[in-house]
Structure formats: structure tokens, C-alpha cells
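Enquirer: For reference, the chains in residue letters:
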Amino acid sequence: MSPSPPPPSESPAFAPRNYLNSPETGLRSWLTTRDHKRIGVMFLVATSVFFAVGGLFALLIRIELLSPSPFIMDAMTYNRLFTLHGVVMIFLFMIPAIPSGFGNFLLPLMLGAKDVAFPRLNLLSFYVYVAGALLALYGMVHGGADTGWTFYTPYSTTTVTRVVPILLGVFIIGFSSILTGLNFIVTTHALRAPGMGWMKMPLFVWSIYATSIIQILATPVLGMTLLLVAIEHAFGWGLFNPALGGDPVLFQHFFWFYSHPAVYIMVLPAMAVISEVVCAFAHKNIFGYKAVAYSSLGIAFVGFFTWGHHMFTSGQSPVDAGIFGVLSMFVGIFTAIKVFNWTATLYKGSIWFKTPFAYFIGFLFFLVFGGMTGIALATVSLDVDWHDTYFVVAHFHFVMVGAVMMAFLAALHYWFPKITGRTYPEGWGLVAAVMIILGFNFTFIPQFLLGNMGMPRRYFSYPARFHALNVASTAGASVLAMGLVIVLVYLLIALRFGPAAGRNPWRSRGFEWDTPSPPPPENFEVTPVITRGPHVYDDEAVEYPAHAPEPKHAT
Amino acid sequence: MQPSPLAHHFESLDKQAHASRLAMWIFLATEVLLFTALFAGYSVYRFLFYDGFSQCSRSIETWIGFVNTLILVTSSFTVATGLNFAAKGQGRKTGLFFGISVLFALAFLGLKAVEYTHHFQEGQLPGPYYHFAAVKAAGGPLFFSLYFLITGLHAFHVIVGMTVLIVIGVLAYRGRFSPAYHVPVENAALYWHLVDLIWIFVFPLIYLI
Amino acid sequence: MNELLRRMLFLPEQASEYSRSVDQLHYFVILTTMVAAAGVFGAALVFFIRYRRRTDTDSTPHVTPRAIHEVFFIGVPLSFFLLWFAIGFPQFITLRTPPKDAMNVYVQGKKWMWKFAYPGGPSSLDVLRVPAGRPVRLLITSRDVIHSFFVPELRLKQDALPGRYTDAWFQADRPGEYEVLCTQYCGLGHSAMRAGLVVMPAPEFDAWMTAQRRGIAASQDESPIPGEAVRPASNVVTEGQRIAAEQGCLKCHSVDGSRHIGPTWLNIYGRREKLTTGKMVVVDEPYLTKSMMDPGADIVAGYQNVMPTYQGKLSPPETAAIVEYIKSLRSSATPSGPSEPPAYEPIPAATK
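Protein sequence lines, in the order shown, are assigned to chains X, Y and W. Start counting the first sequence at 296; every next residue gets the next number (my numbering). Start counting the second sequence at 47; every next residue gets the next number (my numbering). Start counting the third sequence at 8; every next residue gets the next number (my numbering).
Because the hints were derived from the structure by calculation, they are not lab data. The model shown is predicted, which means the values in this text are computed figures rather than measured ones. One thing to keep in mind: the hints can contain errors.
Claimed, not checked - DSS-like cross-link-like pairs, simulated, lysine-lysine; straight-line CA separation at most 27 Å:
1) K286(W) <-> K297(W)
2) K585(X) <-> K643(X)
3) K495(X) <-> K134(Y)
4) K182(Y) <-> K297(W)
5) K258(W) <-> K334(W)
6) K158(Y) <-> K61(Y)
To be verified - Pairwise CB distance ranges (calculated):
7) I618(X) <-> K281(W): 25 to 33 Å
8) T372(X) <-> D63(W): 54 to 62 Å
9) K320(W) <-> A763(X): 38 to 46 Å
10) W71(Y) <-> K320(W): 32 to 40 Å
11) A179(Y) <-> R150(W): 27 to 35 Å
12) H177(Y) <-> E211(W): 52 to 60 Å
13) A252(W) <-> F93(Y): 42 to 50 Å
14) V784(X) <-> L12(W): 42 to 50 Å
15) R279(W) <-> V455(X): 20 to 28 Å
16) I100(W) <-> E107(Y): 43 to 51 Å
17) D369(X) <-> F79(W): 18 to 26 Å
18) D263(W) <-> F530(X): 36 to 44 Å
19) L12(W) <-> T372(X): 23 to 31 Å
20) T826(X) <-> S89(Y): 18 to 26 Å
Cβ coordinates follow ideal geometry from the N, Cα and C atoms, glycine included.
Chain X extracted, bound-state conformation (with noise of 0.2 Å):
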């Protein structure tokens, strides 16, 4: 079948008027725009600036790991990277990047709005994100922290070092998560263009929205609970002190309450954009709809009642270890069903191999390892035995590196034409995501044979019979950050001397490519109306938008 000739109007074309330069250019009208796009992509770089600080720390921490005894720093500066490493990572880049970035940008696009529900909110959310990165960033310069990213009590409220600026940096990030997390709730509730039913709603939203509960409900109990630790640390009000009456464990229960949905707070969004991407790349409706739609709630209500799973050696009774032990089984499920809905829709597909799906294909590996070693986690004895050793540490970066890092490199390729009008180059892209891929596999899949071998987290150094896979282990880190820096320089260069790419140029049914790349500022000059479902694909006659009137190109 020979497609129809793409109608004039359609040969690759920069789109003049855009919302990068309009209404206005220059820096103070970024800096007070209320323009969604324009706060995604701010978003965007400040959480790609952290990504290269805490990938940074990481490499320091595989180079001192290289040899068993003290190599290239001494034990305090280990301490404190490992928990920079952690901090930074998780706070200031997994947390805010797909759903603060990308979410931010499209949101409004696919459901044919104009706009978030408070745009000067997004705002605030983008500059109070800043402040609390900006916080915590004195707090490293200043030494840092050295209680690890999960700042157990008792150790954090009497270490010397200045845990203070970190605990309240993230407390104040936190607010940021759940402003954006209201704000796109109120945004899928209120700003759905005609016609667009729950049920016609694109997955990614779905996953976003499932995101965004978990961010308003857990976020409140983490910013409490790491102000409490900042409060003995500073006073010493003995909440978490034995020698007052106070319970360390009591905080493990509260910081995990929050840290566990967390995860899929950065999940759930990663799980966002390989829907989109799968079905893009695949030119296919996605199998299962609904149930890739409902399982994003499933994991988002579930999550909330496994925190339990982290703390089996922490002394807490068997019959709650029980009960952590079979929901985190069902949390699982979810996962399951997405991965099988996922492959099933390629069956009958029209698979295009490009750099997105080279990265859905990642993805599905890591999160299929990553996700079946959390179940094997979750069976208690086991945990046991693997509780603080390398293997957790390979399980979580199996799925937070290899599948979120994965889906945001995705979006980052799917979506690059869409925001900023031109093309990457594809050859480039596809050897990056090989090298990074295969970096990656050989990081980690050491990690999980220490683990086996009975390695401690957080060791600065270690017995001798772990040295030559901790070697193995570094030098696998080595090929993975030189994939990373390679897309990073080819990103930068396409973003100033890339080919324009066109409105469409993936030939994707998303909602998000029927405006021109890069989009208007107000996106859509009259509110759409839509007839159709999304990812939509057996209407070979379509090439537009079903909906009227049809979006005016620039020319």
C-alpha cells in the first residue's frame, strides 16, 4: 500500500511562530512565562543539569569501588557521595523530569487544551523546585550529607555533617511535586476537550494522572517526616531517639510510607511514555486499553500499602512481614499486565526501528528483570538474605536506570521534534542506545551477583573476593556515561543545526503531533472537538486529524 502524497502543505517546515519565540523572546519573558510548554522545557534542563551532577557522583563512586582498599578519597567523602548520589538523583531529577518536563509540555496538547488548569501555579512549581534544589545544593557544597539517601534515624539526627540543608532542600522540592501533581489533576478533570471521555484519553495522561495522586497524597508525609528529622538533628527533640523513648523504626515506617509510592511516582510516568511510544513506533492501537489504563491506578492505590517490604530485617512482627510480603505480590501484577499488553502490541504491527524504540526495547528488558527481581524481593526470606546488599541496589537501579532512565531517553528522541521543531540525527542516536544498553547490562548485572555473594550497600571497602566484579561493574559504568555523553552532544548540536523535522514527521497518531512543531504558544487557535479514540491506527484514509477545523499550518 503506497501512502498518499503528503499534501503541500506538509513538506518539513519550521513553524515561524512558535512558543519559543513568542509572544516574546528573552530571558525575563522564560523566566515569567505562564506557558506550559515553556515550564516543561525549563523543567526540563534544570532536571538533565542535576541527571549529569548525580551521574557525576555515580562515576566517582564506581572509580573509588575499582580497588578494595581506599583508592581515591577517604571514607567520609564516600559517605557523602553515595548519599548526594542518591539525593540528587532521586529528588532532583527522577521525581520532577518526566512528569514536571514532559508532562508539563503535553498534557495540555493531548487533551486539546489550551493550557494547564493554573498556569501561575506551574510556574510556582518550577521556582520552588529551584529553591529547594538550590538548598540542597549548599548543603553539598558545604560538605554534605553522609547518612544515606534514606537518612535513618538515629545515625541522621547525630551525624556531624549538614544533613539540615539537604533534609530541608527536598522538604521544599516536595511542594513543587505536589503543586504539579494538583495541577494536573484539576487539568484532566476540567481541561478535556470536547468529546474526549475518560475513556478516550490518552494512556500517557492516564499514567500521569495515576502519577499525580500518588504525588499530593505521600508527598505531605515525606515533607513532614524528613522536617522532624531536620528538627532533632537541629534541637534534639528526641522523636526518633531511643535514649528519649523515641522509636528509630517509627521513622523507617514513616519515610518509607512516602519513599515506596515514590517509586512509582517515577515509574508510573516512564511506563507514560512507552505506551506512547510503543504504539507510535509500532503504527498499532495499543492491545489492551483498558487494562493498561486501570492498571496505572492499580499501581498507584496498591503501592500505597507494600512500604513493609523495605523493612523484613528491621524487627518488625512476621504478621506484618506477612501482609507487606503479599501486597507487594499484587503491586507486581500491574506491571505485568503492562509488559504483556505492551508485547502483544506488536503482533500485526508495523514496526519502525528507530532511536525511541530502540530505547522501548531497554526498557522492556530492564523493567522485566528489574520488576521480577522486586518479586523476588518480596518473598520474604529471600529478602532476607539480599536486604542492604548489592543485589536491592541492582534490582532498583535495573528499573529506575535501566526502565525510567530508558523511557525518558525515549521521550526525549519521540518528542525532540515536537519541541523544538527540528530532527536529531538517527544514526548517532541509535549507537548511543546500543552503548548505553549495553553499559548498562554490564554495571549491573554484576551488581546482582554481589549481592549474591553476600556485599554490603554502602561499603567503601570491601573483602577481597568481591574485587573482580566491582572491576566488572566500573567498567560497564565507563561505556554507559560515554553513550550518555554522546547523546547529549548530539542533542545540543540538533537543537541548533537540526534538519526541521515537520508537524509529524513519526507519522504518530498522539494528539500532541496534530499542532505544528513547534507548537503555537496557545496551542490551538479554536478548542478542538474529537471523534476519535487515541492511538488509533487502522484508518489508512486519515492522515489528519479527525476532528474539525483542521489546525492552520504557517507557511
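Dock chains Y and W against the given chain X, drawing on the hints supplied.
Expert: Okay, now just chains Y and W, sitting in the frame of chain X:
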């Protein structure tokens, strides 16, 4: 005549109001969860240190808590009355009643200040500063750590609520709202009711049981 | 088969029956995972090849699942997950339910060492001796922050919490020596906080225990036994050395001049040291004693405030003995550098 409050990305004032209200309810949910963490901590430690906590609870001045409860409930009533007037388009009366509510809130804070002074004098202080001779059972320092955290956080929210009431009250007095659109007044009232509601939980938990 | 899988998965040896059963579950889970992953990736690979984009076809059929698909997607994994839980959770219960005749050992984690004590018996630092073939119950606590007691070969782990006792038990099959690792981050010495687990043949263990209890120490672990009835006459310096070893001072302070977590004791007595506040101080008996009782007060510049206090843990004669031991640590080398004139401290104003 004021320009229409309709924002450019909403189709109608109706939808905007709906979105505004939904956002407020969600925000209130997050506030509730903030306090839930503290309440959970209180419950756990009360269970572990029953004697100490109940003795400490009896040692603080319940009458102040009771009067404060009456004050807050009354202030919620005046806020609701103000909202009622806003719905009828009588913005000046809204401003007046919100002003009365703010005065009640000030009285609440004043009584709390008196109470805190007594605590300092008696040595009923958190953590290592605790030197309250009358209660020697274990858990005294913890009780007061939680007491100051919970009532302190609540007082902070009272101050925020007062600010919101003042701002919205002044705007209402100046005729900014109409029967067709007075969602900010609704939201301000909702926030104040939450502040009141939280206190309704704090009072029995800390003073009565 | 067990051995093959154990080696392939880099698992350490199985020192107890419990280790073996946990490993069986491990094999079950990992093998099922591999099979399932192969299935998913196999299907994906087939689809990649069969359904790759050949021309710029714009349409694909609209495929929707039948209910049976989703039932399969949910039912099969859930059954396996729950099965694994049903095997693993009883194993966990076993671990938390010590047999009635288990021998109790008290374990205390402290930055950055492990202390063991047998009820009515000896205590030791960093070495735990247990009999093979008999159940041993560990009662674990911490003196300061949360630590965790981990023996990989026993697949055993339990957090050491301050202010509470947690317990776990094991029965080692056969004699051997294993490493105990601290596996809950606890500060600078976290990766050095290791101990040895020595599993002795039961009769040998009984003999050792009897000897310990009688005070005739045939072979001593790093520390001798406190509370011995008859002590050979020893001078105060040897006493100080013994106590310093027993209390774990030597974990942070070296006696050979090398820099460690705390200042070295070699040649420290009588030296003038600069503190973190910039003030100069002479290391004399009062300073050494104060350092033991209130270590955070006057810290030597270049060191961290991580020393725990020994207030209440050392009696005055023991403190004095340690001071005497430190005084005795002089190298024969003459100190290099110009000789300092005597430091005159102003006479403090008369206190009221």
C-alpha cells in the same frame, strides 16, 4: 466594571469555578496528610507510653483548649456567614464577617501564647529541655515534643488562614466578587473550615483523652 | 544440581539447612524468571522480525484482547508470585522462631565493632564461637545507631536496634569460619565493622566454654575475660593495654604512629596539639581523661567528632590504666623539628 475573571484557557466561568473548587479540595487533602503523619506518631507513642502521656495530658490547661475550640468554631460560623453574603453579592458584609473571624483567630493565638508561656514556666518543654517535675513517668519529653509540633503546625496554619481571610475579605469588600463568580471566597472559607476541623481533632487527642 | 546452580549464581556456601532451603526457593524464582523473560523476549523478537515495517504502510489492523487474554496475563503471574510467597514466608517464620533449646548469645553492635556475650559466660570482641549442629539464638541490640548482623553463608540477617533487642537463630551444620558483616550503614567504619564466626565441633566448643568459665584461658580471643577470679600480677600498663583492647579503643587509635580514625597514641603523651578550635593544648593526664569522658569537647584538628563517650563504662582505675598505657607508648626515635620553648599557661582566675 471589573474585567471578566475568566482566564484564557478556560471555556467558561463555570468550568473555571469547578476547576478552582476541585483544586482546593485536593489541596486540603494534602494538608490533612501533613497532619496525619503527626497524629500517627502521637498515636504510636501514646500506645507505648500510656501512663506518661495521660498524665501529661491531664497536666495541661484543658480550659484554654476548650475556650479555643469555642472560638474557632464560632469563627467558622462567621466565615460561613460571610460566604453566604458573597453568594448574594453583598461583598461589604463578607469583608466585615471575615474581619470578625480574623479577630477570633487573633484571640485564639493570644490564648495559645498564654498557654505556651505557662508551659515554659512549668518546664513542659520538648525533648532534652523537659524539666516538668510533676510527671516523672517515661514519655514526658515525647509528649511535649509532639504537643509543640502539632499545635505549632496548627498555629502556623491559623496564621496562613488569617492572611487568606484578610486578602479575600478586602477584595470582597471592594466588590471584586459577584453572585456569578465568588469561588475565591468559597475556597478561603473551605481553608478556614479545614483549620477549624484539624483543631477539632487536636483538642480531644491532646487535651481530653 | 544444587551445587551447579549455587556456583552459577555466585552464592556462598550453604552453612545450614535453612540456607539450603532458601537457596531452593531462589533457584525456583530465578529459573521461572528466566523462562518467563525468554518467553516475553522471544515473542517480542518474533514480532520485531515478522512485523517490521516493510513499506510505508499506514494502516495496521485494530486488535483488541479477549477477556481470556487478560485473565491469562493476570492469572499466571499472580499464581507464581503467590506460590513463591507461600514458600518464602514460612521460611521467614522459621527464622524468627528459635527452638526452645537454643543457646542464647547476646550480640551488641557498636560503632564499629561487634561484642558478644554468653549468659553466665565469657564475652568477646569481634569473634563469635558457636558449636556445630546445635541451634544458637542471637539476641541483638545496638549501643548507638542501627547496625545489622549479616552472615551470608547462613543467609541470616537481623538489624541491631538501639534501645531494643531483636532476635534470630541459626544452626550451623559443620565446623568452619565465616565472616560477619555489618549491613546497615552506620558511619565511617561501616565497611570495617566485621567480625568472625567460628563454628567449632560441639565437643571442642563445650571444652572451650568450660575452660573460659573456669578462667583458665587456653587460647584467648582478642580480649580476655572480665571478672576473672584470680589474676596474675600485672602492672598497670599491661592492664591499660588489656582494657584498651577490650573496650575497642584500638579500632580507632593506632599504637604504631599511623593515622587512623583517631590520633595515634604513639608519642602523643606530652605533645602539644592544635585543636579544631585553633587553641593549643598539651596532651597530659587531664586531657586524656577528658577525651575519654567528653570526647567532643576538645578535638584535635584534622579529626572528626565521632568518638563515643566512655563515661560510666570505665571505672576510674581503668581510665588511669589506659592513661598509663598511652604514656608508655614512646618510640625510641628522637622527635624531629626544632625544640619548642615551654608553654606558659596564664594562671586561671580564682573560681568562686
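Enquirer: Work down the list of hints and note, for each, if the structure agrees.
Expert: Here is how each hint holds up against the structure:
| no. | hint | result |
| --- | --- | --- |
| 1 | K286(W) <-> K297(W) | holds, 16 Å |
| 2 | K585(X) <-> K643(X) | holds, 20 Å |
| 3 | K495(X) <-> K134(Y) | violated, 40 Å |
| 4 | K182(Y) <-> K297(W) | violated, 31 Å |
| 5 | K258(W) <-> K334(W) | holds, 19 Å |
| 6 | K158(Y) <-> K61(Y) | violated, 41 Å |
| 7 | I618(X) <-> K281(W): 25 to 33 Å | violated, 57 Å |
| 8 | T372(X) <-> D63(W): 54 to 62 Å | holds, 56 Å |
| 9 | K320(W) <-> A763(X): 38 to 46 Å | holds, 42 Å |
| 10 | W71(Y) <-> K320(W): 32 to 40 Å | violated, 56 Å |
| 11 | A179(Y) <-> R150(W): 27 to 35 Å | holds, 30 Å |
| 12 | H177(Y) <-> E211(W): 52 to 60 Å | holds, 56 Å |
| 13 | A252(W) <-> F93(Y): 42 to 50 Å | holds, 43 Å |
| 14 | V784(X) <-> L12(W): 42 to 50 Å | holds, 44 Å |
| 15 | R279(W) <-> V455(X): 20 to 28 Å | holds, 25 Å |
| 16 | I100(W) <-> E107(Y): 43 to 51 Å | holds, 49 Å |
| 17 | D369(X) <-> F79(W): 18 to 26 Å | violated, 55 Å |
| 18 | D263(W) <-> F530(X): 36 to 44 Å | holds, 42 Å |
| 19 | L12(W) <-> T372(X): 23 to 31 Å | violated, 39 Å |
| 20 | T826(X) <-> S89(Y): 18 to 26 Å | violated, 53 Å |
Against the hints set out earlier in the document, violations occur for numbers 3, 4, 6, 7, 10, 17, 19, 20.
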